[in-house]
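Given the coordinates of chain A, assemble chain B onto it according to the supplied hints.
Going down the list, the sequences are from chains A and B. For the first sequence, this note's numbering begins at 332 and goes up steadily by one. For the second sequence, this note's numbering begins at 126 and goes up steadily by one.
Derived BS3-like pairs (lysine-lysine); straight-line CA-CA distance at most 27 angstroms:
#1 A:Lys579 x A:Lys812
#2 A:Lys579 x A:Lys496
#3 B:Lys208 x A:Lys498
#4 A:Lys496 x A:Lys587
#5 B:Lys208 x A:Lys579
#6 A:Lys838 x A:Lys496
#7 A:Lys368 x B:Lys208
#8 A:Lys587 x A:Lys838
#9 A:Lys531 x A:Lys496
#10 A:Lys531 x A:Lys587
#11 A:Lys498 x A:Lys579
#12 A:Lys496 x B:Lys208
Only some residues are given here: those of chain B computed to face chain A with a beta carbon under 7 angstroms:
#13 Arg224
#14 Gln276
#15 Pro284
#16 Leu290
No lab work stands behind these hints: they were computed from the structure. All C-beta atoms, glycine included, are put in the ideal place defined by N, C-alpha and C.
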Amino acid sequence: MYQYTEFDRQFVRARAAQFRDQLRRHLDGELPDEEFKALRLQNGWYVQRHAPMLRVAVPYGELSSRQLHQLARIARGFDRDYGHFTTRQNLQFNWIPLARAAEVMELLAEVDMHGIQTSGNCIRNITSDALAGIAPDEVVDPRPYCEILRQWSTLHPEFAFLPRKFKIAVTGAHEDRAAIGWHDIGLQLLKNAQGEVGFKVLAGGGMGRTPIVGSVIGEFVPWQQILVYLEAIVRVYNRLGRRDNLYKARIKILVKAEGQAFVDAVNAEFRHILQHDHEGAAHLIPQAELDRVARCFQLPEGLDAQRAPAAAPAPDTLPAAYRRWLERNVHAHRLPAYRAVTLSLKRAGQAPGDATGDQMDRAAELATRFSHGELRVTHDQNLLLPWVRDDELPALWVAAREAGFATPNIGLLTDMIACPGGDFCALANARSIPVATAISERFEDLDRLYDIGDIDLHLSGCINSCGHHHSGHIGILGVDKDGDEWYQITVAGSDGSTLSGAAVPGKVIGPSFAAEEVPDAIEAVIETYRRERRPGERFIDTSRRLGPLPFRAAADAVRRTTAATAV
Amino acid sequence: MRFIDPRHDRWHRVEGEDGPVPHPDPLADRLLTLEQWHAVRDTWPRGLAAGLLLPNTLDVDTLAEDLRGPQPRLALLVLQFPKWTDGRAYSQARVLRVRHRFGGEVRAVGEVLVDMLPLLQRTGFDAVQLRRDQSVEAAVRALGFFAGHYQGDVRQPQPAFSRDLLAEAAAVSNDAGLYAGQGI
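Excised from the complex, chain A in its bound form (with noise of 0.2 angstroms):
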């Protein structure tokens, strides 16, 4: 993981100061809530339906034993006692009261985290692949281009108060498990024809309103040259983004209204920083720069690079438990003795993505016994250990079911994308929770669940898309009509993955249902699909292949008090 320098210790502290004086004279009455909102946005705090929401930044998604321990602690002793982890990786707590905000931030300054620019329209926490540094189809390892690219936009002055929010994600492996293609930025890392390790730059993708997948602007920028081709690519969009309108302000907007004339301002502006500007060159990253960061994402002291891999037992002599935990909550490595270890957070009775402090401890501790002190946070909002040795995949099965991680859910229907929706946020137009443990119970059989395989459903309680609905093969989408809560259905939609296909929006199939009608529908859409399926196709295969008009039949057949139009 990357270890703060004294310098990045006081820049926090700095930061914590700065907002300690900014609530001081908003409680003062010195500074009223319309201007302190972009503030304390910009310090992850953000009003919601009951109190503020404090999003906490987890870098690329790296969290220590240490640092969940510290989050453990705030939320028993600020929050009601847990906190929800997010599609990008951070960690949102609900219930903070705004004038412990400051005690709060010092507390999260000791373990080296913060909530700066996880909210705001500024450029957001960088998000990675949940397999950073450790998966066996990784070309470069991402994470010292996160830890550069994260210093490099935080607190950048110019790029404070953008038109909108801006999203980086970044993966270095073939597979895309970080859904670059929805990000207003995405950069793959690679290797051309010589070795040389260079990004390939996609820019104009977002979900929202109007769900765009990013195109390609440069096909291969060198890795020393990247900061400058970011500056170049949001100065562009602060000058040109929309302001006019909230709805057109994504740089999504910008692209596609503008195509190969955008690519030409930011190749031209790229071309005027390096040639013209005064010390132009000077984010030009050195190897050395890139040497400091990277030396300390080797690998954890104590680990053993070398060993041999354990003898796997013989399958049939493993409880039918613990070989399905291996088969979906397990992971290959790219060291042959490790493994990566996923711990679900989708379990009957609790939200997606949400633990208790209690929770948050115990998972604290299996970072530390098994996998030393190291966690991801996962895009799919579970958690994950990354250095978990072979043979203490046992061990780790029986302590993980005990702190109740081990469902063997991973890739499947019930590990499901969901934002917190209408019960805390104060944009949602619809509850996102109650849906959600609906379709867990109705499709709590295991049996069932590994017959449908691997699935991606994601839920969003409104169209700002936390829950990803548009890249959901089923997506589900609260809307509101006259006060009450609706939900649109869409199938067929992608992330970007090999599984999932190239990015692209579901499609939507009918008139919006009603919240009791969901879980029907949901299930006559799998049942559409187990009963169309040709041998060894997926959800995913047999939607695209078969379009939206047999789930749509299916799904309006369940209908009780919504009527279906027809088609």
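Below, chain B without anything else, positioned relative to chain A:
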């Protein structure tokens, strides 16, 4: 950073009853709109300093010719924040400084709030006209929280990775007053 009191500002707009005078005479201390400047720039005397009030939609690269040369006629560029959350002028200021090497005054006007000061200073502004209700004292304090930043800017073009951070940190830890009273 200079704090401008509009009551004692040497620069004056050239306006008649119907708004900006289309062809202002070449006199000292005139703050012109871009339209006025375009109307008079061909005849404006060398050596007579003018100020320009620029919309935040302007691509400042289009001013390149006016900014070039040993004796530019423009001494003041006023950049606008129609809303304080509209950050376009930060990019304008930075490009004026680092690309066009503009050495005159770059001033922020409009909805200028104290918490913008660090951003303004780092993007090349050297003068601000705060919104009337803002406190200069709080604005000065806002400039004091950070000893250094990660990325380079107009004042410090070198990013942290090219600087001697140990020396910077030593300088700050000696400055005990910086964090005094901040509860950390």
